[in-house]
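A.B. asks: As a plain string of letters, each chain reads:
There are 2 protein chains.
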Amino acid sequence: MNATEILKLHEIKKTPGRIAIINALVNYNQPLSENEIKAEMQEMYDRITFYRNVQALTQAGIIHKIVIDNTTVKYGINHCDHGHQHQNEHAHFFCEQCHSVVCLEEVKIPEYNLPSGYKCTESDIIIKGKCKKCNQ
Amino acid sequence: MNATEILKLHEIKKTPGRIAIINALVNYNQPLSENEIKAEMQEMYDRITFYRNVQALTQAGIIHKIVIDNTTVKYGINHCDHGHQHQNEHAHFFCEQCHSVVCLEEVKIPEYNLPSGYKCTESDIIIKGKCKKCNQ
DNA sequence: ATACAAATGAAACAATGTTGCAAATATAAA
DNA sequence: TTTATATTTGCAACATTGTTTCATTTGTAT
Ligand SMILES: [Mn+2]
Ligand SMILES: [Mn+2]
Ligand SMILES: [Zn+2]
Ligand SMILES: [Zn+2]
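Protein sequences, first through last, are from chains A and B.
Residue numbers for the first sequence follow the numbering used here, so the first one is 1 and each next one is one higher.
Residue numbers for the second sequence follow the numbering used here, so the first one is 1 and each next one is one higher.
For the record, the hints were derived by calculation from the structure and aren't laboratory data.
Among the hints, a few may not be true.
[Claimed, not checked] A few chain B residues that face chain A, going by a derived Cβ cut-off under 10 Å, partial list only:
| no. | residue |
| --- | --- |
| 1 | ASP69 |
| 2 | ASN70 |
| 3 | GLU96 |
| 4 | VAL102 |
| 5 | LEU104 |
| 6 | TYR112 |
| 7 | LEU114 |
| 8 | GLY117 |
| 9 | THR121 |
| 10 | ASP124 |
| 11 | LYS130 |
| 12 | CYS134 |
Using N, Cα and C, we set each Cβ at its ideal position, and we do this for glycine too.
Based on the sequences and whatever the hints tell you, model everything.
C.D. replies: Here it is, written out as structure tokens:
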């Protein structure tokens with residue numbers, strides 16, 4: 001499924017900026033940062049439009065935002081093409097050496113035993129270390 | 001144990017700014033943001049010194065930094081007074097209504113089953129939802 | 001082709017965090 | 001108590017990340 005089809009399926013407008021973001025994520029096949037996507041977009045990149053587009057793509061359920069720490073954010077394509085909002089919740093791995101991020105689809109987010117009175121709506125797991133390539 | 005004793009124990013210099021940060025965290029008995037600590041410090045707060053001090057206190061093992069998302073950071077006092085670096089790893093809860101953070105000391109960080117080749121050095125769990133007070 | 005809602009891009013702003021450097025201060029030794 | 005020195009402070013200046021307003025442009029359905 002290409003960018004045009006993805007946008008149509010999720011009922012948001014097809015624009016060059018959105019297509020470029022989706023293509024970057026699909027081609028690299030891993031989550032990318034703003035700067036990494038910017039490098040792919042070249043002269044057509046505009047910062048304000050970029051932020052609005054990642055917000056729109058996130059809301060539409062096409063991509064997900066991965067916050068590694070207060071200064072590192074990556075965006076990953078959603079592979080749950082089944083329906084709309086069915087974001088399959090998984091952990092993320094961050095390599096401290098090469099700064100790549102991997103969606104660990106097989107590491108699911110569990111239910112936690114919270115103290116009484118606390119209710120969970122969402123949770124995030126960030127695992128930091130050294131990735132496969134960097135360990136070779 | 002008061003701020004002066006904590007600083008001496010961890011062998012870093014006793015300064016008014018560091019004492020104020022420690023006192024704020026101890027008095028509130030929960031993790032606080034820069035602005036929340038700033039409010040406690042009043043006129044003696046200086047932004048640059050604050051950042052350098054939280055870095056020094058973190059390195060010394062006196063406090064820990066809790067990154068909720070790319071725009072929300074809190075600092076919590078370490079209760080593992082036993083030795084120096086023995087940060088007992090636990091999950092953190094963030095209330096989306098009142099924005100308070102709670103150290104869930106009883107929710108330990110587990111070992112995850114990573115794909116072969118990946119090595120973990122550290123991991124973070126952020127659980128978001130509604131806290132006890134906000135659920136009443 | 002037209003109409004209209006949605007998206008874009010410029011300017012201006014806000015929040016968060018860092019670096020270089022001279023002055024001030026905490027602490028240990030004399 | 002005074003002195004010496006490494007550490008810390010606070011200012012200025014800067015970098016990065018993200019948001020808001022508003023006029024213009026563009027995508028899409030009719
Ligand atoms: Mn992912
Ligand atoms: Mn904690
Ligand atoms: Zn790596
Ligand atoms: Zn709450």
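A.B. asks: Determine for every hint whether it applies to the structure shown.
C.D. replies: Each hint tested on the structure:
For ASP69 (chain B), the interface hint holds, the least distance from its beta-carbon to any beta-carbon of chain A being 5 Å, beneath 10 Å. Look at ASN70 (chain B): its Cβ gets to within about 5 Å of chain A, closer than 10 Å, so that hint holds up. Hint on GLU96 (chain B) holds. Least Cβ distance to chain A is approximately 7 Å, under the 10 Å limit. Below 10 Å, beta-carbon pairs count as interface contacts, and VAL102 (chain B) has one with chain A at about 8 Å; its hint therefore holds.
At about 7 Å, the closest approach between the beta carbon of LEU104 (chain B) and any beta carbon in chain A falls short of 10 Å, and the interface hint on this residue holds. Interface restraint check for TYR112 (chain B): the shortest CB-CB distance to chain A comes to about 5 Å, inside 10 Å, so the restraint holds. The closest approach between the C-beta of LEU114 (chain B) and any C-beta of chain A is roughly 7 Å, which is under the 10 Å cut-off, so the hint is satisfied. Hint status for GLY117 (chain B) relative to chain A: holds, with the closest Cβ pair at about 3 Å, below 10 Å.
Hint status for THR121 (chain B): holds, given a least beta-carbon distance of 5 Å to chain A, under 10 Å. For ASP124 (chain B), the interface hint holds, the least distance from its beta-carbon to any beta-carbon of chain A being 5 Å, beneath 10 Å. Taking 10 Å as the C-beta cut-off, the interface hint given for LYS130 (chain B) holds, the closest approach to chain A being about 5 Å. Because the closest C-beta pair between CYS134 (chain B) and chain A is about 9 Å apart, less than 10 Å, the hint holds.
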